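Those protein sequences? They're chains E and X, same order as listed.
The opening position of the first sequence corresponds to residue 1 in this note's numbering, with each subsequent residue numbered one higher.
The opening position of the second sequence corresponds to residue 1 in this note's numbering, with each subsequent residue numbered one higher.
Honestly, the hints are just simulated from the structure, not real lab data.
Incorrect hints may appear among the rest.
Which copy is meant is left open, so a pair is good if it fits within one copy or across any two.
[What the hints assert, rightly or not] Okay, derived cross-link-like pairs now, DMTMM-like style, lysine to aspartate or glutamate, Cα gap no bigger than 25 Å in a straight line:
1. K331 x D240
2. K300 x E149
3. K341 x E277
4. K327 x E27
5. K346 x E197
6. K42 x E25
7. K326 x E194
8. K326 x E197
9. K112 x D57
10. K364 x D295
11. K300 x D259
12. K440 x D37
13. K70 x E211
14. K196 x E274
15. K327 x E194
16. K440 x E116
17. K326 x D111
18. K196 x D269
19. K341 x E298
20. K341 x D166
21. K62 x E384
22. K306 x D259
23. K327 x E195
24. K327 x E197
Everything numeric in this text was worked out from a predicted model, so none of it was measured.
2 protein chains.
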Amino acid sequence: MKQILVLGAGRSSSSLIRYLVNESEKENWKVTVADRDVSLVKEKLNNHAHTKAIEFDIHNEKQAEEEVAKADIVISMLPWRFHILVVKHCIKHKKNIITPSYVSDDIKALDKEIREAGIMVMNELGVDPGIDHMSAMKLIDEIRENGGEVVHFESFTGGLVAPESDNNPWNYKFTWNPRNVVLAGQGGVAKFLEEKEYKYIPYHKLFRRTEFIDIDGYGKFEGIANRDSLKYQSIYGLHDIRTIYRGTLRRVGFSRAWDVFVQLGLTDDSYVIEGSENMTYRQFINSFLAYNPHDSVELKLRYYLKIEQDDVLWEKLVWLGIFENKKVGLKDATPAQILQKILEDKWTLAPDDKDMIVMWHKLKYINAKGEEYEVHSSMVNIGEDQTYTAMSNTVGLPVAICCKLMLNGTINEIGVKMPIEPAIYTPILKELEGHGVQFKEKEIRLK
Amino acid sequence: MKQILVLGAGRSSSSLIRYLVNESEKENWKVTVADRDVSLVKEKLNNHAHTKAIEFDIHNEKQAEEEVAKADIVISMLPWRFHILVVKHCIKHKKNIITPSYVSDDIKALDKEIREAGIMVMNELGVDPGIDHMSAMKLIDEIRENGGEVVHFESFTGGLVAPESDNNPWNYKFTWNPRNVVLAGQGGVAKFLEEKEYKYIPYHKLFRRTEFIDIDGYGKFEGIANRDSLKYQSIYGLHDIRTIYRGTLRRVGFSRAWDVFVQLGLTDDSYVIEGSENMTYRQFINSFLAYNPHDSVELKLRYYLKIEQDDVLWEKLVWLGIFENKKVGLKDATPAQILQKILEDKWTLAPDDKDMIVMWHKLKYINAKGEEYEVHSSMVNIGEDQTYTAMSNTVGLPVAICCKLMLNGTINEIGVKMPIEPAIYTPILKELEGHGVQFKEKEIRLK
């Protein structure tokens, strides 16, 4: 019986755990799930015979090492900064490990030790990063195999609300960590390459430099540049590419309205607002506007940011309640924390709401005959409910499938890995298709 | 014979050294000036009998301690981060010390040791900080003495080019560290209090939220908010104030044009531009604009930032040469470094140019009878030449005068000090008047 150790039983582990439990009898697995909150684990495992729930604290080094030592493979769904602690135990006891997070610098630095231990540390195996890598590399590798050269690469992913639950003027609800949504785009300029020209967009212009994307059957979206698109040149081996651009998807109109918050300064997380606890939403907005004893907050805001009387974005702002005399109630809060509070009042999913993951790639390539083509590839995944969300499915299933393929020897590598090699992504993408993660492709001849 | 040790003989030490040398015979002083570049010192001292030039490295602890031990008083004109090293020697050998820089946290932390040694560490004794503190506190203390209460405080200072040398469309030239000018306003939100409301301006809006200020005989200026005006509430004891606002002065129209650079992202010092060395000024600007194979950089910029065809700010941009095919020639440079290079081509003072320091305070107070008054107080100082600049005079003279007053016992305190007490600022301001640092006051009855 193979022992699987899953660390972390939070929201994004639901689909992962369901898959492992469902397969456990057929595959002869024992699935141990560990979390600080053991009741959360028990609820998810439901006393299934092939499972075990344990209370677990990553800071208890002894327990962590003992559990790793007992396992055949480890899956860390912990916050990314804790992976390194688990990886060290995995090296010592020669156990493979999977995480859905970006390869961190400290894990990269252990590559030599990881290779010497003969283990695989598989990272970036969720949806973004994860399914984006796999589906993009499949397209790129196919073009290369046929003697073609990729000259243009764009890729966008978004976590959104499903069309059937989309009933607010922002066409948006929180389907993952709200704090990350509020801070998105900060911490570095957006860099990309367009027709061999390096381009830079500062944060305060990011939400006004979007592009529109049409996805058959799902309508229009807008794409906002991610921070560093340039590093994917080396990751994907696209050294001579003319254009490389990665971004995040929202429904059309979101970014123009969000830019109001950026322009005011409401997304700043670096300082505390004086007297935030007893201030109202309206006073919060007013503290970013010039003083005037007579004019309304509404008119001052319209004038400051040149918002026309008939601009549809105004409805979005009013609907959020930013002009209401509601108490903030957060002590020593940053602008970003207060904004998050305001948004959480309105952008929280209702019990019956479903989420949606949308992914879209656009490539251009020149084939062996010198003809130029454009390829569009898109994937839309709708959540089942509030447990098995699209986010949970698209993050957890690639991890679960990879775990199976590593245990049965189909995937058999050594070192710090990302799913960008055919031997890794081909079997994972194939099985994902059976779980509704399907890409639709479309090719157009350009010249 | 009293021994004065001056550390640092850079540009801002010229007027300080001239004063000390001129007074040295009458006062019976020996003035030792120490710098890494001893030739710089010799040039400034010109073999005067009461002086001594020494080569000095602040990282040579032994030399630093020996020189401090020999002195009766120390003046540190070194970059602010080095003051702490000198202060430690001063504590050990019980010597008073003066610096024109902001009180640093590490100096503040030594207050107990400084008091136990019975010495005075006098800081913030230049122009801004320095003359601004002294002139503001003189006004505030006078109002208080007469039973009045200050309810409104605004204070602005600017280092500018003198009217007779003001011959470019920006009405600006570099009269101090260009790097600080390019980065001004970064590193924290601008906070202030207006009619008891806390107000916050993010960096990307700072140069569009200016106010106009008129100074008799010198015309109009515009004021840009400084980072943290709130801390002056406690420094000046203005706890119940309605409005407190401090800022920087430029000529009218500067900020709207500078905002073009902020909006593009050219003042960012946090990352390096790919291939900066071989890029032209025009390509540099283009890397912040959307790609288009046909449109000009000029039209893309106008369209992006909505600059009207007849807007006068355009002339400022063209005059700087930002659209020219001139090589940047800086390897691995940040946007801010490249912008500084472009500006230095044009904003450098010509040999005959003079600089100017402008300071302006506006206070409102309610007197003992309940009447409300507004006071304006302004000071304009024009530099003599490129050595005895207004900057050098207004930074160096308060330091030099304070040094004399400390040596002759007129100023006699213990601890970490700023010039905000009458016993300190009164004699310094009085002597400064004789050196052309004069404030003009104007009072208006409001109600």
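Measure nothing new, just compare the shortest in-copy and cross-copy C-alpha distances for K196 and D269 to 25 Å and report within, between, both or neither. Answer is between: at 23 Å across copies they meet the 25 Å cutoff, but 35 Å inside does not.
If the cut is 25 Å between Cα atoms, do K112 and D57 qualify within a copy, between copies, both or neither? This pair counts as neither: shortest intra-copy Cα distance 28 Å, inter-copy 44 Å.
At most 25 Å between C-alpha atoms: does K70 with E211 qualify within a copy, between copies, both, or neither? Cα proximity of K70 and E211: none, with 50 Å in one copy and 69 Å across.
For the identical chains here, do K326 and D111 meet the 25 Å Cα criterion within one copy, between copies, both, or neither? Neither, since 52 Å and 45 Å both go past 25 Å.
Identical-chain pair category, K346 with E197, by Cα at 25 Å: neither (41 Å within a copy, 28 Å between copies)
Status of E194 relative to K326 across identical chains (alpha carbons, at most 25 Å): Between copies only: 23 Å across, 46 Å inside.
Evaluate K300 and E149 at a C-alpha cut-off of 25 Å and name the case that applies: within, between, both or neither. For K300 and E149, the Cα distance exceeds 25 Å both inside one copy (53 Å) and across copies (31 Å).
25 Å Cα cut-off: does K306 pair with D259 within a copy, between copies, both or neither? both (12 Å within a copy, 17 Å between copies)
Up to 25 Å between alpha-carbons, please classify K42 paired with E25: within, between, both or neither. within (18 Å within a copy, 89 Å between copies)
From the Cα coordinates, with 25 Å as the cut-off, is the pair K327 and E195 best called within, between, both, or neither? This pair counts as between: shortest inter-copy Cα distance 21 Å, intra-copy 50 Å.
25 Å Cα threshold - placement of E274 relative to K196: Answer is between: at 11 Å across copies they meet the 25 Å cutoff, but 47 Å inside does not.
If the cut is 25 Å between Cα atoms, do K326 and E197 qualify within a copy, between copies, both or neither? between (48 Å within a copy, 18 Å between copies)
The structure shown violates the earlier hints numbered 2, 4, 5, 9, 12, 13, 16, 17 and 21.
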